[in-house]
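Chains as they are written, first to last, in our numbering: chain A, 7 to 120; chain B, 219 to 328.
Keep in mind the hints are simulated off the structure, nothing from the lab. Idealized CB from N, CA, C, for every residue including glycine. Each hint should be verified, as a subset may be incorrect.
To be verified - Here are the simulated DSS-like cross-link-like pairs (lysine-lysine), alpha carbons at most 30 Å apart as the crow flies:
{"no.": "1", "chain 1": "B", "residue 1": "K275", "chain 2": "A", "residue 2": "K98"}
{"no.": "2", "chain 1": "B", "residue 1": "K233", "chain 2": "A", "residue 2": "K76"}
{"no.": "3", "chain 1": "A", "residue 1": "K73", "chain 2": "B", "residue 2": "K233"}
{"no.": "4", "chain 1": "A", "residue 1": "K48", "chain 2": "B", "residue 2": "K233"}
Unchecked claim - One side of the interface only, derived from the structure: several residues of chain B facing chain A at Cβ under 7 Å:
{"no.": "5", "residue": "Q259"}
{"no.": "6", "residue": "F263"}
{"no.": "7", "residue": "A272"}
{"no.": "8", "residue": "F319"}
{"no.": "9", "residue": "G322"}
What the hints assert, rightly or not - If you want the ones that stay clear, here's a sample from chain B, every Cβ over 12 Å from chain A, calculated:
{"no.": "10", "residue": "K233"}
{"no.": "11", "residue": "S284"}
{"no.": "12", "residue": "Q317"}
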Amino acid sequence: QKEVEQDPGPLSVPEGAIVSLNCTYSNSAFQYFMWYRQYSRKGPELLMYTYSSGNKEDGRFTAQVDKSSKYISLFIRDSQPSDSATYLCAIKSERGSTLGRLYFGRGTQLTVWP
Amino acid sequence: GAGVSQSPSNKVTEKGKDVELRCDPISGHTALYWYRQRLGQGLEFLIYFQGNSAPDKSGLPSDRFSAERTGESVSTLTIQRTQQEDSAVYLCASSLDSQYFGPGTRLLVL
Numbered sequence: 007q008k009e010v011e012q013d014p015g016p017l018s019v020p021e022g023a024i025v026s027l028n029c030t031y032s033n034s035a036f037q038y039f040m041w042y043r044q045y046s047r048k049g050p051e052l053l054m055y056t057y058s059s060g061n062k063e064d065g066r067f068t069a070q071v072d073k074s075s076k077y078i079s080l081f082i083r084d085s086q087p088s089d090s091a092t093y094l095c096a097i098k099s100e101r102g103s104t105l106g107r108l109y110f111g112r113g114t115q116l117t118v119w120p
Numbered sequence: 219g220a221g222v223s224q225s226p227s228n229k230v231t232e233k234g235k236d237v238e239l240r241c242d243p244i245s246g247h248t249a250l251y252w253y254r255q256r257l258g259q260g261l262e263f264l265i266y267f268q269g270n271s272a273p274d275k276s277g278l279p280s281d282r283f284s285a286e287r288t289g290e291s292v293s294t295l296t297i298q299r300t301q302q303e304d305s306a307v308y309l310c311a312s313s314l315d316s317q318y319f320g321p322g323t324r325l326l327v328l
């Protein structure tokens with residue numbers, strides 16, 4: 007079983023829709039949870055970062071972590087064509103440190119059409 | 219300021235040849251990571267450098283892969299006797315806290 011599972015999609019939605027992206031993970035030792043956005047032929051860029059259960063909001067983006075279910079989500083409100091990209095969840099485990107390797111999901115390819 | 223840079227951006231090589239990929243991290247970032255991304259896949263961890271500590275090499279897939287880092291600056295990833303399955307995008311990230319990625323080197327082994 008992979009450490010992090012993510013449905014690769016593809017996911018296609020109309021502009022203005024609410025998008026829900028999800029990952030599950032297997033190891034309860036994971037402490038830090040991240041979402042990266044990757045445009046075609048670019049490196050991943052960090053979108054959201056959280057280390058606790060609950061919700062964290064940043065503009066149109068909300069990251070949600072449920073440690074009891076080992077489930078993380080990213081919601082995008084009022085989606086825009088510029089949100090079209092691959093979204094990768096990433097998790098790390100080192101307690102007390104934000105350094106260390108990340109475990110990535112496969113990424114979900116999102117297309118928002120006008 | 220300048221982000222993480224990688225060179226070359228693209229590399230085409232023949233099976234059996236050696237290749238060297240370069241990463242210039244963000245100045246002052248103590249940690250540096252290499253990942254591999256195969257087509258349609260997530261990022262696969264290769265190696266991690268943190269200051270003067272021994273690197274975490276646990277992700278290197280075979281002894282054909284090696285990496286070095288000089289202090290807290292440039293790192294090179296070397297793949298010897300390349301195979302077709304080595305074709306992928308090789309991504310470098312540097313970190314003080316969160317990881318910031320370079321644009322990657324696209325390697326194609328013919």
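Cross-check of the supplied hints:
For the given pair, B:K275 sits about 17 Å from A:K98 by alpha-carbon distance, which is consistent with the 30 Å threshold. For the hint linking B:K233 to A:K76, the alpha-carbon distance of about 42 Å lies beyond 30 Å, and the restraint is violated. Taking the CA atoms of A:K73 and B:K233, the gap is about 45 Å. The hint is violated against a cut of 30 Å. Between A:K48 and B:K233, the direct Cα distance comes to roughly 26 Å. Compliance with the 30 Å bound is thereby established for this hinted pair.
Using the Cβ-Cβ criterion of 7 Å, the hint placing B:Q259 at the interface with chain A is satisfied: the shortest such distance is roughly 6 Å. Annotation: B:F263 was flagged as interfacial toward chain A, and the flag holds, the nearest CB pair being 5 Å apart, inside 7 Å. The restraint placing B:A272 at the interface with chain A is violated, with a minimum CB-CB distance near 14 Å, outside the 7 Å limit. Interface hint at B:F319: satisfied, since its Cβ lies 4 Å from the closest Cβ of chain A, which is below the 7 Å cut-off.
Taking 7 Å as the C-beta cut-off, the interface hint given for B:G322 holds, the closest approach to chain A being about 5 Å. Residue-level check passed: B:K233 sits 24 Å from the nearest beta carbon of chain A, beyond 12 Å. A cut-off of 12 Å between C-beta atoms confirms that B:S284 is not in contact with chain A; the least separation is 17 Å. Under the 12 Å C-beta cut-off, the non-interface status given to B:Q317 relative to chain A is violated; the minimum distance is some 6 Å.
Of the hints listed earlier, those the structure fails to meet are numbers 2, 3, 7 and 12, in rising order.
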